[in-house]
Amino acid sequence: MDSTIVEAICIGAYDAQVVRAVEEEVEASRENLVELCGALVAAESANPPGNTAAMARTLEAFLRRHDLPAKTVAADAEAPNIVCTVTGSRPGAHVVFNAHMDTMLAGDESAWTVPPLELTRKDGRLYGLGMGNMKGALAAMALAMKIVQRRLPQLAGKLSLTAVSDEVMFGSRGSPYVLKQDPELYGDYLISGEGPGWMNFAVAEKGLLWLDITAKGTAGHSSRALTGQTAAARMAKFMCGLDQLNDFYADLPKEIEGIEGGENDVGFRLSASVGSIEAGSVRSLIPPVVRAKADLRLPPGLSITDLKARIDEMAKSCEGISIEYAKGWPASWAPLDSDPVKSLAGAVAAVRGVAPRYVVRLPGSDARFWRDHGIASVCYGPQPTLSSGIDDYAVEQDVLDCAAIYALTAMQLMSAKAWPPGN
1 MDSTIVEAIC
11 IGAYDAQVVR
21 AVEEEVEASR
31 ENLVELCGAL
41 VAAESANPPG
51 NTAAMARTLE
61 AFLRRHDLPA
71 KTVAADAEAP
81 NIVCTVTGSR
91 PGAHVVFNAH
101 MDTMLAGDES
111 AWTVPPLELT
121 RKDGRLYGLG
131 MGNMKGALAA
141 MALAMKIVQR
151 RLPQLAGKLS
161 LTAVSDEVMF
171 GSRGSPYVLK
181 QDPELYGDYL
191 ISGEGPGWMN
201 FAVAEKGLLW
211 LDITAKGTAG
221 HSSRALTGQT
231 AAARMAKFMC
241 GLDQLNDFYA
251 DLPKEIEGIE
261 GGENDVGFRL
271 SASVGSIEAG
281 SVRSLIPPVV
291 RAKADLRLPP
301 GLSITDLKAR
311 IDEMAKSCEG
321 ISIEYAKGWP
331 ASWAPLDSDP
341 VKSLAGAVAA
351 VRGVAPRYVV
361 RLPGSDARFW
371 RDHGIASVCY
381 GPQPTLSSGI
391 DDYAVEQDVL
401 DCAAIYALTA
411 MQLMSAKAWP
421 PGN
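Note that UniProt numbering has the sequence shown beginning at 1, numbered continuously upward.
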């Protein structure tokens, strides 16, 4: 490849020759990429328990086999992280890829029509636990690393891959640990492989607030229950109030005005759900305490401070209710005029022939750790729908397209801060 890549630093614009060369290289690597997906699927990494040791060994072996300098960064032996960095021929921007190695649970395995831990290739799809979230994206990023490495003499800057553990359960052994060990891995730009579904482009994602709710009331025999005096009744009243929060829509920040909220604008709406309730164990006795755990997801434009204030007021109006905030972080986003948004959108248009839809990602991702540090961060990947589930899969061509898109975006962003400018 010639030096046109370092000349094409107009963010969002891609040289047709460069695009074609990258696409041809990805297509030539199709079988190798599918083989890597199969190896990653076979390396069980469901969380819980979150043991990603086999997965990490598989990925590290692939990278080293392709002369990519992979290393292990681990808080403990069961949850290692893999880091790989390649550097161009002159100073430029540092682009970071991020993908997690742990997966969600398979669920009811009897409902699967394919083996969860064996890649099944049929009807243009690659089936297997974690293919959608997010072994397909990780494989695509690994191939993109190799594509970029071959062009390093013509490139400025550097590119890092951070393949992490402990993301599914919001743990501390993955991205937080890697960034603490090497703050340089914040880089200048972050591309997460967490797709929002349907090959849309997530420039924003909802925040999170976890509540531990305790209701106390009068105990005794059920024959003496009084209206509104039992812990269960008080909890029910508070939960009904929480449910009403599902009708709240936030005003989008100006930086991302014009993006889509998805079906019924759910990306712009506060969502509140109680996932766990504990009460008594005997039908005829009134439990003195009822406990519940709630999960709230905040849309861009709603602050945690404002939401907590509203919840605190609700608790004050419900006798016997107390709240503890177990975990939380705000919604986050990358401005539409930021370099990674324009660059990745341009790569999507160049590879897939149509510009992507900008959306809010509903679940959380590790991109927030970079955004909290002031790094413009985006999420794009081959996850087919909202999350993994029975017969988890990714569309094969989507995985290949992502490899090309990741490589093109990384090369453009690496050169965007090149010094000296030019070739």
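Simulated from the structure, these hints should not be mistaken for laboratory data. Worth double-checking, as some hints may not be accurate.
To be verified - Only pairs whose alpha carbons sit at most 25 angstroms apart, straight line, appear in this in silico PhoX-like list of lysine-lysine: (1) Lys237 x Lys146; (2) Lys146 x Lys216; (3) Lys308 x Lys293; (4) Lys71 x Lys122; (5) Lys293 x Lys216.
Now the hints, each set against the structure:
1. Lys237 x Lys146: The hint is violated at about 57 angstroms.
2. Lys146 x Lys216: violated (59 angstroms)
3. Lys308 x Lys293: holds (15 angstroms)
4. Lys71 x Lys122: Roughly 34 angstroms separates the two Cα atoms, so the pair is violated.
5. Lys293 x Lys216: holds (15 angstroms)
Of the hints listed earlier, those the structure fails to meet are numbers 1, 2 and 4, in rising order.
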